[in-house]
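**Student:** Keeping the supplied structure of chain A fixed, place chain B upon it in accordance with the hints.
Just so you know, the protein sequences line up as chains A and B, in that order. Counted the way my numbering counts, the first sequence spans residues 29 to 139. Counted the way my numbering counts, the second sequence spans residues 72 to 182.
Read the hints as simulated data drawn from the structure, not as lab findings. Don't take every hint at face value.
Unchecked claim - In the DSS-like style, the derived pairs of lysine-lysine whose C-alpha atoms are separated by at most 27 Å in a straight line are: (1) K126/A with K104/A; (2) K126/A with K109/A; (3) K85/B with K134/A; (4) K109/A with K85/A; (5) K126/A with K80/B; (6) K85/A with K126/A; (7) K80/B with K109/A; (8) K134/A with K96/A; (9) K109/A with K96/A.
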Amino acid sequence: GQNIDQPTEMTATEGAIVQINCTYQTSGFNGLFWYQQHAGEAPTFLSYNVLDGLEEKGRFSSFLSRSKGYSYLLLKELQMKDSASYLCAVKGREGYQKVTFGTGTKLQVIP
Amino acid sequence: NAGVTQTPKFQVLKTGQSMTLQCAQDMNHEYMSWYRQDPGMGLRLIHYSVGAGITDQGEVPNGYNVSRSTTEDFPLRLLSAAPSQTSVYFCATHLGSYGYTFGSGTRLTVV
Numbered sequence: 029g030q031n032i033d034q035p036t037e038m039t040a041t042e043g044a045i046v047q048i049n050c051t052y053q054t055s056g057f058n059g060l061f062w063y064q065q066h067a068g069e070a071p072t073f074l075s076y077n078v079l080d081g082l083e084e085k086g087r088f089s090s091f092l093s094r095s096k097g098y099s100y101l102l103l104k105e106l107q108m109k110d111s112a113s114y115l116c117a118v119k120g121r122e123g124y125q126k127v128t129f130g131t132g133t134k135l136q137v138i139p
Numbered sequence: 072n073a074g075v076t077q078t079p080k081f082q083v084l085k086t087g088q089s090m091t092l093q094c095a096q097d098m099n100h101e102y103m104s105w106y107r108q109d110p111g112m113g114l115r116l117i118h119y120s121v122g123a124g125i126t127d128q129g130e131v132p133n134g135y136n137v138s139r140s141t142t143e144d145f146p147l148r149l150l151s152a153a154p155s156q157t158s159v160y161f162c163a164t165h166l167g168s169y170g171y172t173f174g175s176g177t178r179l180t181v182v
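So that you can see chain A by itself, here it is in the shape it has in the complex (with noise of 0.2 Å):
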């Protein structure tokens, strides 16, 4: 099975970088997935890490170590719009659509 951890709630200050923590224990393990969701509306893709490193998508970037089961992602230049839940996904190997969502992050970005 799959289990995450992250943390329930973060706050930051409008322009700052925030890191949101991701940990995992997984039976197998074949990507991991962040996900930004605005509260009441559907998750949107942010990005997907299969080999440990740090990949960048302009503001957002994040970074894998699979030996530690640990992601996070790093938010740059915080919006107020940034404002959201951020889930992280593993998915595994026992079945290709078997992904395992985090219970998210919510974020909140205060001026």
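**Tutor:** Same frame as chain A, now just chain B:
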């Protein structure tokens, strides 16, 4: 392109009633899934399909049925609604490392 279309957006059912949540995609993706999202629980997989005619159970399949007669459509049937099925339901398609594309969700209340 509409992406993934879910209907209805909102629904109230009485205990014991049955209904079908509709999901249609125009992305020609083989893989489709149904998730439910509850506060503090994250997204949980109900059923998924890897192609027309092929479906399988996810983490929380009890009380739900699915079928996949075409690539485009993946309806979710609630057989006899219970208050425990009050939730937000998301349909999603999936293409390799590009992650999931979610529908806008159906907010279901069972009274």
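**Student:** So if I understand the rule, the pair passes when the alpha-carbon distance is 27 Å or less; does K109/A with K85/A pass?
**Tutor:** Holds: K109/A and K85/A sit about 17 Å apart, inside 27 Å.
**Student:** If you draw a straight line from the CA of K80/B to the CA of K109/A, is it 27 Å or shorter?
**Tutor:** Roughly 24 Å separates the two Cα atoms, so the pair holds.
**Student:** Assess, step by step, whether the Cα of K134/A is no farther than 27 Å from the Cα of K96/A, and give holds or violated.
**Tutor:** 24 Å, holds
**Student:** Has the given pair, K126/A with K80/B, been kept, meaning a C-alpha gap of at most 27 Å?
**Tutor:** Holds: K126/A and K80/B sit about 25 Å apart, inside 27 Å.
**Student:** Starting from K85/B, check that the Cα of K134/A is at most 27 Å away, please.
**Tutor:** Measuring from Cα to Cα gives roughly 32 Å; hence the hint is violated.
**Student:** Need the status of pair K85/A, K126/A: alpha-carbon distance at most 27 Å?
**Tutor:** Given pair K85/A, K126/A holds - Cα atoms ~26 Å apart, limit 27 Å.
**Student:** What's the verdict on K126/A and K104/A, does the C-alpha distance respect the 27 Å limit or exceed it?
**Tutor:** The given pair, whose Cα atoms are some 31 Å apart, is violated under the 27 Å limit.
**Student:** Would you check the hint for K126/A and K109/A, treating anything up to 27 Å between C-alpha atoms as holding?
**Tutor:** 30 Å, violated
**Student:** Under the criterion that the straight-line Cα-Cα distance not exceed 27 Å, is the pair K109/A, K96/A satisfied?
**Tutor:** Roughly 31 Å separates the two Cα atoms, so the pair is violated.
The structure is inconsistent with the numbered hints 1, 2, 3 and 9, although it conforms to all the rest.
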